[in-house]
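Position one of the sequence shown corresponds to residue 1 (the numbering used here), numbered consecutively onward.
No lab work stands behind these hints: they were computed from the structure.
Cβ atoms here follow ideal geometry from the backbone N, Cα and C, with glycine treated the same way.
Just to be clear, a hint being listed does not mean it is correct.
Within a straight-line C-alpha distance of at most 20 angstroms, the following computed EDC-like cross-link-like pairs (lysine to aspartate or glutamate) qualify [what the hints assert, rightly or not]:
(1) K78 <-> E29
(2) K68 <-> D57
(3) K68 <-> D48
Using C-beta positions, here's what the derived DEER-type ranges look like [claimed, not checked]:
(4) N80 <-> F38: 20 to 30 angstroms
(5) A15 <-> E70: 14 to 24 angstroms
(6) K2 <-> T87: 28 to 38 angstroms
(7) G11 <-> I54: 24 to 34 angstroms
(8) G11 <-> E51: 34 to 44 angstroms
(9) N80 <-> I4: 42 to 52 angstroms
(10) K2 <-> T86: 23 to 33 angstroms
(11) E29 <-> T5: 26 to 36 angstroms
(12) G47 <-> R3: 36 to 46 angstroms
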Amino acid sequence: MKRITKRVLLGTVSALLFYILFIPLPTPELTIRRYLLFRSPITALTGDIIEGQIKNDPKYGNLYVLPKVELSFIYVQKNNIGWYVTTQGTAP
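Could you put together the complete structure from these sequences and hints?
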């Protein structure tokens, strides 16, 4: 019984990690936080995310501003599955 429980737990945790790391997320804010998690973990958890003025840009998507990050402008775009980061830079 314990062997099956460990396999189920390991499978569940693996599936959850795969989803968090590779599948586009349902909101722009979560997508940006995941993107920052590998570059600046503290900022990803505590930083402010401000919605920018540019919406529905055909090439890049929606603009978001992160005041505490060196490359503080991030564009996210939505596809059928969810949101993903298209580019990050210092100015629009």
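Status of each hint after checking the structure:
1. Between the alpha carbons of K78 and E29 the distance comes to roughly 12 angstroms, so the proposed pair stays at or under 20 angstroms and holds.
2. Under the criterion of a C-alpha separation no larger than 20 angstroms, the hint pairing K68 with D57 is inconsistent with the structure, at around 24 angstroms.
3. Between K68 and D48 the alpha-carbon distance is near 8 angstroms, which keeps this suggested pair within the 20 angstroms criterion.
4. For the hinted restraint 20 to 30 angstroms between N80 and F38, the CB-CB distance of approximately 25 angstroms keeps it satisfied.
5. Against the hinted window of 14 to 24 angstroms, the Cβ-Cβ separation of A15 and E70 comes to about 34 angstroms, which falls outside the hint.
6. A C-beta distance of roughly 48 angstroms is found between K2 and T87, which places it outside the suggested range of 28 to 38 angstroms.
7. Separated by about 42 angstroms at the C-beta atoms, G11 and I54 break the suggested range of 24 to 34 angstroms.
8. Take G11 and E51: their Cβ atoms lie about 37 angstroms apart, and the range 34 to 44 angstroms holds.
9. Our hint of 42 to 52 angstroms for N80 and I4 is violated, since their Cβ atoms are close to 36 angstroms apart.
10. At about 46 angstroms, the beta-carbon gap between K2 and T86 misses the expected band of 23 to 33 angstroms.
11. Range check, E29 to T5: about 35 angstroms between beta-carbon atoms, so the 26 to 36 angstroms window is met.
12. For the pair G47 and R3, the supplied restraint of 36 to 46 angstroms holds, since their beta-carbon distance comes to about 43 angstroms.
Going down the numbered hints, you'll see the structure goes against 2, 5, 6, 7, 9, 10, while the others check out.
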